[in-house]
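Protein chains in written order, with this note's numbering: chain U, 1 to 135; chain P, 136 to 270.
These are calculated hints, taken from the structure and not from any lab test.
Warning: the hint list may mix true and false statements.
Stated by the list, open to error - Derived lysine-lysine pairs resembling DSS-like cross-links, with alpha carbons at most 30 angstroms apart:
no.	chain 1	residue 1	chain 2	residue 2
1	U	Lys115	P	Lys208
2	U	Lys75	P	Lys239
3	U	Lys92	U	Lys60
Here are the chains, one letter per residue:
There are 2 protein chains.
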Amino acid sequence: MKNLIFLLILSLFSAVWAEAKPAEKYGDLVVRIAEIEVYPKWLDAYLAAARTVGAESVAKEEGVICIFPMQMKEKPNIIRIIEIYRSEEAYKAHLQTPHFRTYKEGTPHMIKSLKLVPMSPLDAENMGLIFKKLR
Amino acid sequence: MKNLIFLLILSLFSAVWAEAKPAEKYGDLVVRIAEIEVYPKWLDAYLAAARTVGAESVAKEEGVICIFPMQMKEKPNIIRIIEIYRSEEAYKAHLQTPHFRTYKEGTPHMIKSLKLVPMSPLDAENMGLIFKKLR
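Isolated chain U (complex conformation) (with noise of 0.2 angstroms):
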């Protein structure tokens, strides 16, 4: 039901991003690729931060609109995070939450390496068919 629901509601929505013009619809967003190395020992500890701001952030914040962490299969200490703000503005404002200055200041000891990489999503003609199957 919650499915069918959801899928009613992005149907609704559907029309009007397929009418939307390409520079509309991701201008703003920042999508970026955080690429983080995590001392083995800190590892818990270090889920434990990432956890609490990530759930945090998507819950207080409406302009971040994606938190999505994974680690390497093979070596479990390299971290990837797909983060998806609504703009520019919304990043500067989660970079001043309490939340996210707690996790800032309190995993510098942990983490070994870390690279923010900006990327862009492909096009906006592949955005709307990836999305098909949900339509």
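Take the given structure of chain U and dock chain P to it, following the hints.
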């Protein structure tokens, strides 16, 4: 429009969450990041091929949950694709489809390097929290 983007992107990930039964929510999923470097002179041709196979896979294969391709902003010929398949069997079936074989056989000369990195979503509890906003 931004709400629409929000719904569409989150729906991509929520489908994973909502459609799976609790006991098998994450155990069977195949999640990975494809790390691809394309020869710049072949970039447009590669992107066209990637769009086609991504769109057809998601549209035609129930087991292909998500193909989310991105270009690195600073080096647009560096591609990252988040791929989520419903199971190992779904992934193996994907490899046998005409659209994937067309892509696989038509693009080797365009690709300078390709690495497929198996990943695990951080954990079920965290996935649930991430999608709290949607429930």
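Status of the hints after comparison with the structure:
A hinted pair counts as satisfied when its Cα atoms are at most 30 angstroms apart, and Lys115(U) with Lys208(P) qualifies at roughly 14 angstroms. Between Lys75(U) and Lys239(P) the alpha-carbon distance is near 28 angstroms, which keeps this suggested pair within the 30 angstroms criterion. Distance hint between Lys92(U) and Lys60(U) is fulfilled; the C-alpha atoms sit about 15 angstroms from each other, no more than 30 angstroms.
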